[in-house]
Amino acid sequence: GESVGLHLPTLSVQEGDNSIINCAYSNSASDYFIWYKQESGKGPQFIIDIRSNMDKRQGQRVTVLLNKTVKHLSLQIAATQPGDSAVYFCAEMQGTYKYIFGTGTRLKVLA
Amino acid sequence: ETGVTQSPTHLIKTRGQQVTLRCSSQSGHNTVSWYQQALGQGPQFIFQYYREEENGRGNFPPRFSGLQFPNYSSELNVNALELDDSALYLCASSPGGVGMNTEAFFGQGTRLTVV
Numbered sequence: 001g002e003s004v005g006l007h008l009p010t011l012s013v014q015e016g017d018n019s020i021i022n023c024a025y026s027n028s029a030s031d032y033f034i035w036y037k038q039e040s041g042k043g044p045q046f047i048i049d050i051r052s053n054m055d056k057r058q059g060q061r062v063t064v065l066l067n068k069t070v071k072h073l074s075l076q077i078a079a080t081q082p083g084d085s086a087v088y089f090c091a092e093m094q095g096t097y098k099y100i101f102g103t104g105t106r107l108k109v110l111a
Numbered sequence: 001e002t003g004v005t006q007s008p009t010h011l012i013k014t015r016g017q018q019v020t021l022r023c024s025s026q027s028g029h030n031t032v033s034w035y036q037q038a039l040g041q042g043p044q045f046i047f048q049y050y051r052e053e054e055n056g057r058g059n060f061p062p063r064f065s066g067l068q069f070p071n072y073s074s075e076l077n078v079n080a081l082e083l084d085d086s087a088l089y090l091c092a093s094s095p096g097g098v099g100m101n102t103e104a105f106f107g108q109g110t111r112l113t114v115v
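For the protein sequence lines, the chains are E and Y, in the order given.
With my numbering, letter number 59 in the first sequence gets 59, and the count goes up by one each step, no holes.
With my numbering, letter number 76 in the second sequence gets 76, and the count goes up by one each step, no holes.
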């Protein structure tokens, strides 16, 4: 079946550096994607979304890039802070009603 | 804060029992979805309700059922609990209707442990 996967299960980054979290998706027909952040004991928190008619979208300290040719998403976090430590999921909307989540990447920010 | 609240936050049940989990969506959100998140995994879609009707279901058996009420609250019911049902159950609401791609706002989840 269709799935969304992540390349790296754990990413360690020095505080102040930029972080890049990658995600591969398999459904070329998908047209909406979201990045979520999940802290321990909490539900996923929306970070940024992107539609398939865009290649790039920027938010506050975050940028999402979409490469439809290779079915790849990335989340870039600028000037990574300790509060960014969490598990990050990309999610792909499948059909008209459900999101397919990957396993997640744990981001560890080193002081 | 997402405006989506779930209760209870933690629950312990015995295998074979039944459980009801509750969710209160943001006012005005007509769509609610439920997800199961096993430890170390991403959320898995259980089903979605739109205006009190189920309009999509994931790969979960019929003993997982739900209800959505006009006051933006919803329930997830699980019968004949199994040990593998132990997980974090997440409720997500969104303002969009069927066919509208919009972000989903998640609650903090209910941690269910089946012993």
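Hints are computed from structural coordinates only; laboratory data are not their basis.
It is possible that part of the hints are untrue.
Going by beta-carbon spacing under 10 Å, a handful of chain Y positions derived as facing chain E [claimed, not checked]:
hint : residue
1    : 2
2    : 4
3    : 8
4    : 43
5    : 47
6    : 69
7    : 72
8    : 85
9    : 92
10   : 95
11   : 107
Calculated from the model, a selection of chain Y residues having no Cβ within reach of chain E, i.e. all distances over 12 Å [as the list claims (entries may be wrong)]:
hint : residue
12   : 11
13   : 12
14   : 14
15   : 16
16   : 20
17   : 27
18   : 44
19   : 57
20   : 61
21   : 67
22   : 77
23   : 81
24   : 83
25   : 84
26   : 103
27   : 108
From the derived model, a few chain Y residues whose C-beta atoms are all more than 12 Å from chain E [unchecked claim]:
hint : residue
28   : 71
29   : 73
30   : 79
From the three backbone atoms N, C-alpha and C, an ideal C-beta is built for every residue, glycine too.
These are the hints, each one checked on the structure:
{"no.": "1", "hint": "2", "verdict": "holds, 7 Å"}
{"no.": "2", "hint": "4", "verdict": "holds, 8 Å"}
{"no.": "3", "hint": "8", "verdict": "violated, 14 Å"}
{"no.": "4", "hint": "43", "verdict": "holds, 5 Å"}
{"no.": "5", "hint": "47", "verdict": "holds, 9 Å"}
{"no.": "6", "hint": "69", "verdict": "violated, 19 Å"}
{"no.": "7", "hint": "72", "verdict": "violated, 17 Å"}
{"no.": "8", "hint": "85", "verdict": "violated, 18 Å"}
{"no.": "9", "hint": "92", "verdict": "holds, 8 Å"}
{"no.": "10", "hint": "95", "verdict": "violated, 13 Å"}
{"no.": "11", "hint": "107", "verdict": "holds, 5 Å"}
{"no.": "12", "hint": "11", "verdict": "holds, 15 Å"}
{"no.": "13", "hint": "12", "verdict": "holds, 17 Å"}
{"no.": "14", "hint": "14", "verdict": "holds, 24 Å"}
{"no.": "15", "hint": "16", "verdict": "holds, 28 Å"}
{"no.": "16", "hint": "20", "verdict": "holds, 19 Å"}
{"no.": "17", "hint": "27", "verdict": "holds, 18 Å"}
{"no.": "18", "hint": "44", "verdict": "violated, 7 Å"}
{"no.": "19", "hint": "57", "verdict": "violated, 9 Å"}
{"no.": "20", "hint": "61", "verdict": "holds, 17 Å"}
{"no.": "21", "hint": "67", "verdict": "holds, 17 Å"}
{"no.": "22", "hint": "77", "verdict": "holds, 19 Å"}
{"no.": "23", "hint": "81", "verdict": "holds, 22 Å"}
{"no.": "24", "hint": "83", "verdict": "holds, 21 Å"}
{"no.": "25", "hint": "84", "verdict": "holds, 17 Å"}
{"no.": "26", "hint": "103", "verdict": "violated, 5 Å"}
{"no.": "27", "hint": "108", "verdict": "violated, 5 Å"}
{"no.": "28", "hint": "71", "verdict": "holds, 21 Å"}
{"no.": "29", "hint": "73", "verdict": "holds, 17 Å"}
{"no.": "30", "hint": "79", "verdict": "holds, 22 Å"}
Consistency note: the structure conflicts with the earlier hints numbered 3, 6, 7, 8, 10, 18, 19, 26, 27.
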